[in-house]
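Protein chains: 2
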Amino acid sequence: MYKRTVLTIAFAASSLLASGLATEAKKAGLEPIPTDKKELMKLIDNPKNPITDEKVELGKKLYFDPRLSKSGFISCNSCHNLSEGGDDGIPAAIGHKWTANPHHLNSPTVYNSVFFNSQFWDGRDPHLEAQAQGPIQAAPEMSATPEHVVATVTSMPEYVEEFKKAYGKDTKITFEKVADTIATFERTLVTPSAFDDYLNGNEKAMTKAQKDGLKTFMDKGCATCHTGIALGGAMNVFNITGTYKFQDVGDFKGDKNGMVKVPTLRNITQTAPYFHNGQIWELKDAIKEMGRIQLGADINDAEAASIEEFLKALDGRKADVVLPQLPASTSKTPKPDIN
Amino acid sequence: MYKRTVLTIAFAASSLLASGLATEAKKAGLEPIPTDKKELMKLIDNPKNPITDEKVELGKKLYFDPRLSKSGFISCNSCHNLSEGGDDGIPAAIGHKWTANPHHLNSPTVYNSVFFNSQFWDGRDPHLEAQAQGPIQAAPEMSATPEHVVATVTSMPEYVEEFKKAYGKDTKITFEKVADTIATFERTLVTPSAFDDYLNGNEKAMTKAQKDGLKTFMDKGCATCHTGIALGGAMNVFNITGTYKFQDVGDFKGDKNGMVKVPTLRNITQTAPYFHNGQIWELKDAIKEMGRIQLGADINDAEAASIEEFLKALDGRKADVVLPQLPASTSKTPKPDIN
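Just so you know, the sequences run in chain order F and P.
With UniProt numbering, the residue at position 57 of the first sequence is 57, and numbering never jumps.
With UniProt numbering, the residue at position 313 of the second sequence is 313, and numbering never jumps.
So that you can see chain F by itself, here it is in the shape it has in the complex (with noise of 0.2 angstroms):
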């Protein structure tokens, strides 16, 4: 009976003090993601573009199209590939005519983007739905026009059959509907990992060493930047903090203050090379030059190492997508042009 007391009260010690790190995180801006669906849903829906299954499942297919770019080729996923944790692992993104992005800019993760504060390394948007309208266009990347994609979707019976599914009344075929419908389907692209479960309560989702370095994260000042819900997405912070503003990157001058995006780093460990150029490769290099540069604070090599650790535990869970079939082509459909 003794010996049960002792265990029972050492259990809640030791709970109360896992406990108090999940607080210290959380009032140093951590958030997880929610377990309650409710309470997701809040999070990831867009009131002027609401979530539907039809408008996901047709998300889904226009994500993985590849007509949809002048070339034929190129899709959402070539750049954004949801097999490679959500980037393509290159440093600047390839696009129309093996064209390398021109501002020397890296692929961001689609996963979790929808808990972005802004969208581009530039953050000139808020929203997944401008976003998704971007690279379609841009001639380093998809190259296509708006009446391209029109044409495109509007000439398969198959598509036009869904998106009357998905809208309804309102079923004229606009390029904004084609981006609002891949931006519902990239709302959904969540993945809770072992920090959310730890958050939410869950003492042992995390280990001793993930927790410590949670502990280190927290304590060189990291979750300064890199905070809410997606651990990043925001511009804002680099105005107080940022001693190194990345305008050496082409032409590419960032917001109009020189800065770029602070990135997620949600399953961080898949989607190297790091920073908005894609020029570090490995993550205990890209924590230690995030100290120097951002935080003028010596991160010594056992501190990388430790909250290298806890940045595993951001590696999510990510649901299955099963790959989508596409409908076929008809006459009407516009000829890819690969140059």
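Please note that the accuracy of each hint is not assured.
Since copy identity is lost for identical chains, a pair holds within one copy or between any two.
Unchecked claim - Computed cross-link-like contacts, SDA-like style, restricted to lysine to any residue with a CA-CA straight-line distance of at most 20 angstroms:
hint, residue 1, residue 2
1, LYS284, ALA328
2, LYS335, TRP281
3, LYS284, MET156
4, LYS61, SER83
5, LYS172, VAL56
6, LYS61, LEU323
7, LYS97, PRO140
8, LYS97, SER143
9, LYS335, GLU282
10, LYS172, VAL150
11, LYS335, ILE280
12, LYS37, ILE51
13, LYS284, LYS332
14, LYS61, VAL322
15, LYS26, ASN202
16, LYS165, GLU57
17, LYS335, GLN279
18, LYS204, ALA313
19, LYS288, THR330
For the record, the hints were derived by calculation from the structure and aren't laboratory data.
For this one, chain F is given, so just place chain P on it according to the hints.
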């Protein structure tokens, strides 16, 4: 009672008639994908590279992994896209550095390629295991060396572990084994269709128009070359009936007789543009052109439309492919080289 007898007789007669067509089709060399799993396995398995669940799962990952290519951007699925009828929908394949296939060769579908007697347009090898080695190394395709492929796969512990599971004691990762594993996955990409159901005894599986189209298809002589389970996939028949030797394709001369392989007709509605050089977009035009150049026969519009109806019965049912989650690169993984 009388009525019922009449109905029974009528049904039997109709059944006999329909069976007559099915029998005729089989006599003409057309074969169904068998419904019996053991029988199917005999047809798709390779005793030298036996199909196992472990190899199929690993092969699927490798099939979708762009890191096997020099650039890190092109996977098998880029040109043999399982969402797009198993090919890429563009006239000549695009590869490394946006190089269009120098022989102007069109990417053939991977679906049902296990049933081909010959792989590659020049039919130089009968096995998918050999085929899988080709595009990975071809300079205008994935442009990788065997050493790059082995180094890439070996650099990721998850792949190494899966090779252990797939090959038991014989776990040394070689380029040949990577190709064998991809081929194992490809061997499972079989798509039974209404035509198979019909040949396997379901009289109602094909519409009347499709059955009429099948008759026209056989009457015109199409089944002479488009024969066997794949309705194509062999070289040999060209020697007998070919009058157009497809030599006018740059420096690609086909086999020693200047010929190219007969492509499969399965899923043909989804794999435009047509012919080895992807120069014809409309199925009806392809049918008429084939009549002219291969059979010396005039196929009129009504006949072409009828044959097209039959070809729709070859649209196959594709098993769900859950997008694989690829292992993360490590510091040992060769870096992508887009040049």
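For each hint, the structure was consulted:
When the C-alpha separation of LYS284 and ALA328 is checked against a cutoff of 20 angstroms, the pair qualifies only between copies, where the shortest distance is 15 angstroms, while the shortest distance within a copy is 46 angstroms. Within a single copy, LYS335 and TRP281 get their C-alpha atoms only as close as 38 angstroms, which misses the 20 angstroms cut-off; across copies the closest is 9 angstroms, which meets it. In this assembly of identical chains, LYS284 and MET156 lie within 20 angstroms of each other by CA distance solely across copies; the values are 18 angstroms between and 48 angstroms within a copy. For a Cα distance limit of 20 angstroms, the shortest separation of LYS61 from SER83 qualifies both inside one copy, at 16 angstroms, and across copies, at 9 angstroms.
For the identical chains of this complex, LYS172 and VAL56 are intra-copy neighbours only, at 18 angstroms inside a copy versus 43 angstroms across copies, given an alpha-carbon limit of 20 angstroms. Taking the shortest Cα distances, LYS61 and LEU323 sit within 20 angstroms of each other both inside one copy (8 angstroms) and across copies (13 angstroms). Taking identical chains as interchangeable, the C-alpha atoms of LYS97 and PRO140 lie at most 20 angstroms apart whether they share a chain (8 angstroms) or sit on different chains (14 angstroms). For the identical chains of this complex, LYS97 and SER143 are neighbours both inside a copy (9 angstroms) and across copies (17 angstroms), given an alpha-carbon limit of 20 angstroms.
In this assembly of identical chains, the alpha carbons of LYS335 and GLU282 lie at most 20 angstroms apart only when taken from different copies (12 angstroms versus 42 angstroms within one copy). For the identical chains of this complex, LYS172 and VAL150 are intra-copy neighbours only, at 10 angstroms inside a copy versus 50 angstroms across copies, given an alpha-carbon limit of 20 angstroms. In this assembly of identical chains, the alpha carbons of LYS335 and ILE280 lie at most 20 angstroms apart only when taken from different copies (12 angstroms versus 39 angstroms within one copy). Taking the shortest alpha-carbon separations for LYS37 and ILE51, only the intra-copy value of 13 angstroms comes in at or below 20 angstroms, while the best inter-copy value is 41 angstroms.
Taking the shortest Cα distances, LYS284 and LYS332 sit within 20 angstroms of each other only across copies (14 angstroms), while inside one copy they are farther apart (52 angstroms). In this assembly of identical chains, the alpha carbons of LYS61 and VAL322 lie at most 20 angstroms apart whether taken from the same copy (10 angstroms) or from different copies (14 angstroms). Taking the shortest Cα distances, LYS26 and ASN202 sit within 20 angstroms of each other inside one copy (15 angstroms), while across copies they are farther apart (63 angstroms). In this homomeric assembly, LYS165 and GLU57 come within 20 angstroms of each other (Cα to Cα) only inside a single copy, at 11 angstroms, whereas the closest approach across copies is 35 angstroms.
In this assembly of identical chains, LYS335 and GLN279 lie within 20 angstroms of each other by CA distance solely across copies; the values are 12 angstroms between and 37 angstroms within a copy. When the C-alpha separation of LYS204 and ALA313 is checked against a cutoff of 20 angstroms, the pair qualifies only within one copy, where the shortest distance is 12 angstroms, while the shortest distance between copies is 55 angstroms. Within a single copy, LYS288 and THR330 get their C-alpha atoms only as close as 53 angstroms, which misses the 20 angstroms cut-off; across copies the closest is 18 angstroms, which meets it.
This entry satisfies every hint, going by the numbered hints stated previously.
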